[in-house]
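Listed below, chain by chain, are the residues.
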Amino acid sequence: MFAPPKKVELESLHIPATSETPEVNLVADGGLSRIEGKSLPENAFEFYEPVVLWMRQFALRADTPLMLELKFDYFNSSSGRYLFEILNILEQSRHKQSYRIIWRCDKDDELMIDKGEELKSLIDVPFEVRVV
Amino acid sequence: MHFNTLRYFYDKASGQNPSFYYRGPFLERFTPSILDMSQASPGMEIQQNMGKKISYMLVECFQNVIKHAEILPEDQKDISGEGMFSFKSLNGAFVINSINLVYNKDVERLTGLVENVNSMNEADLKQYYLDKLRNNEINDKGGAGLGLIEMARKSGQKILHDTEQLNDQYSLFHQQITVRKNTSDSTEYSSMLQESGDFYKRMTAENMVLFYKGDFNQKSIMPLLDMAEHKLHDKSAGQKRTLRAAHVTVEVLQNISKHARAVDADGQRFGVFMMGKMNGSLSILAGNIVPVSEKIFLEEKLDYLISLDHDGLKELHRSTLRASVRFENKTNSGLGLIEVAQASSESLRYQFYPHGEDQYLFALQVII
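So the protein lines, in turn, are chains A and B.
Position 30 of the first sequence, counting from 1, maps to 30 under this note's numbering, and the rest follow consecutively.
Position 336 of the second sequence, counting from 1, maps to 336 under this note's numbering, and the rest follow consecutively.
Worth double-checking, as some hints may not be accurate.
[Said to hold, decoys possible] One side only, chain A facing chain B, incomplete, derived with CB under 10 Å:
#1 F75
#2 R81
#3 N88
[What the hints assert, rightly or not] Listed next, the in silico DSSO-like pairs over lysine-lysine satisfying Cα-Cα at most 30 Å (straight line):
#4 B:K126 with A:K96
#5 B:K126 with A:K71
#6 A:K120 with B:K314
#7 B:K126 with B:K52
#8 A:K107 with B:K77
#9 A:K120 with B:K277
#10 B:K77 with A:K71
No wet-lab data here; the hints were simulated from the structure.
Note that this is a predicted model, so its numbers are computed, not measured.
By construction, the Cβ of each residue, glycine as well, lies at the ideal position given by its N, Cα and C atoms.
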């Protein structure tokens with residue numbers, strides 16, 4: 001007999017915005033999660049490490065859908081690398097069909113539209129680029 | 001604004017660290033940025049008390065310029081009236097230069113105010129300051145002239161000044177505040193008033209708006225970015241280009257910070273950054289010191305980026321992004337330069353200039 005999947009305990013993660021980093025609001029119970037703002041930390045690894053760890057834990061949970069909204073004024077290339085890693089974790093999950101990524105960007109922000117399209121093309125998770 | 005402009009400013013600013021020049025307009029919202037930048041230099045942190053004094057002087061001086069600078073009407077935009085604010089730290093002193101537009105009719109009064117302050121000794125200045133405070137005099141510019149007195153008191157040096165008539169209505173008022181770092185320093189800094197004027201002429205002729213030479217860390221980058229962003233807002237250029245330019249600026253600044261080689265005992269990440277307008281485009285020039293071994297690597301990498309077209313760069317970015325996660329590379333593994341090449345409207349240009357025995361000044365130009 002197989003043991004039932006272990007319940008992965010996880011708390012919501014909130015990191016307030018600074019002038020260099022975005023606001024992170026990751027909801028453990030399946031509500032709307034968001035990362036929003038500017039992201040240009042010098043050490044992107046240090047900033048995104050807790051986000052990456054949280055996402056790894058979340059991706060193990062069988063019973064929780066995820067709606068992740070991403071909206072950036074802009075981000076530096078190192079932040080881009082970690083955003084890709086976060087999305088990559090979701091892609092590797094067995095539960096990825098219950099995840100949904102919404103990339104919100106301004107219609108004038110050609111750069112962020114391109115970034116969203118690029119990430120969408122690299123990741124096999126339901127991903128919508130929403131231009132407003 | 002070309003590589004020879006970078007060389008000119010780089011050579012002229014030799015022995016200055018940091019060295020900062022900003023061509024107007026002067027806006028109140030830049031005060032915190034200027035303050036942050038002056039405090040970001042490690043040299044300033046070591047001399048804590050000195051650092052505070054300098055910060056105070058910078059704010060007084062910058063706000064004094066904001067108060068007194070006239071704004072050139074649209075129909076006279078052909079004359080060089082934007083003005084300039086600059087500071088630099090030398091071995092023996094910290095020097096603040098400003099150039100601002102004034103009406104010819106005000107020149108005599110302004111010169112008189114400075115000369116009056118210059119003629120006083122420490123005790124006289126203190127008394128004059130207290131009298132001004134008590135009398136609560138406010139002039140039509142919203143100030144009481146306290147700033148000028150404070151600058152003279154705190155610097156303990158004569159305020160250097162000069163005027164330069166532009167036409168029958170306007171003049172430029174040049175001013176220099178010198179703060180000696182130690183009392184034993186007897187160097188003459190008066191030539192810097194002329195040098196600041198020369199810099200301003202060159203900045204105007206080449207439509208250059210910002211120059212910074214010094215340590216590149218996140219603390220000095222953020223205020224530079226804030227000022228650059230404001231300068232990038234150009235109604236005619238449109239929002240799209242502004243965002244692209246802001247992105248390139250972030251990458252270029254952080255690239256210097258990451259790759260700049262420590263050239264002195266303080267371990268500072270020394271570099272140079274300048275921004276200007278050129279034939280309707282924005283030009284960003286940046287430089288840092290690299291060892292010979294890195295020169296070869298950089299040349300290969302840049303030549304490769306330059307050889308790629310739009311689609312080639314896009315594919316390279318995708319594969320680099322994938323590789324950085326797959327191989328758990330914690331750095332951004334060269335994504336920055338690829339993104340700069342992608343955002344540049346023309347091919348990247350670069351130069352290497354010998355610097356000392358086994359190093360080079362690596363200079364990169366991005367046109368947007």
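These are the hints, each one checked on the structure:
1. Interface restraint check: F75 of chain A against chain B, minimum CB-CB distance 9 Å, threshold 10 Å, status holds.
2. Interface hint at R81 of chain A: satisfied, since its Cβ lies 5 Å from the closest Cβ of chain B, which is below the 10 Å cut-off.
3. Because the beta carbon of N88 of chain A sits about 5 Å from the nearest beta carbon in chain B, less than 10 Å, this interface hint is met.
4. For the hint linking K126 of chain B to K96 of chain A, the alpha-carbon distance of about 72 Å lies beyond 30 Å, and the restraint is violated.
5. Note on K126 of chain B and K71 of chain A: the hinted pairing is violated, with a Cα-Cα distance of about 55 Å set against a maximum of 30 Å.
6. Annotation: proposed proximity of K120 of chain A to K314 of chain B holds, straight-line Cα distance about 14 Å (limit 30 Å).
7. With a C-alpha separation of about 20 Å, the suggested pairing of K126 of chain B with K52 of chain B holds against the 30 Å cut-off.
8. Only pairs whose Cα atoms come within 30 Å are accepted, and K107 of chain A paired with K77 of chain B is rejected, the gap being roughly 34 Å.
9. Between the alpha carbons of K120 of chain A and K277 of chain B the distance comes to roughly 35 Å, so the proposed pair goes past 30 Å and is violated.
10. A C-alpha spacing of about 40 Å is found between K77 of chain B and K71 of chain A, which places the hinted pair above 30 Å, so the restraint is violated.
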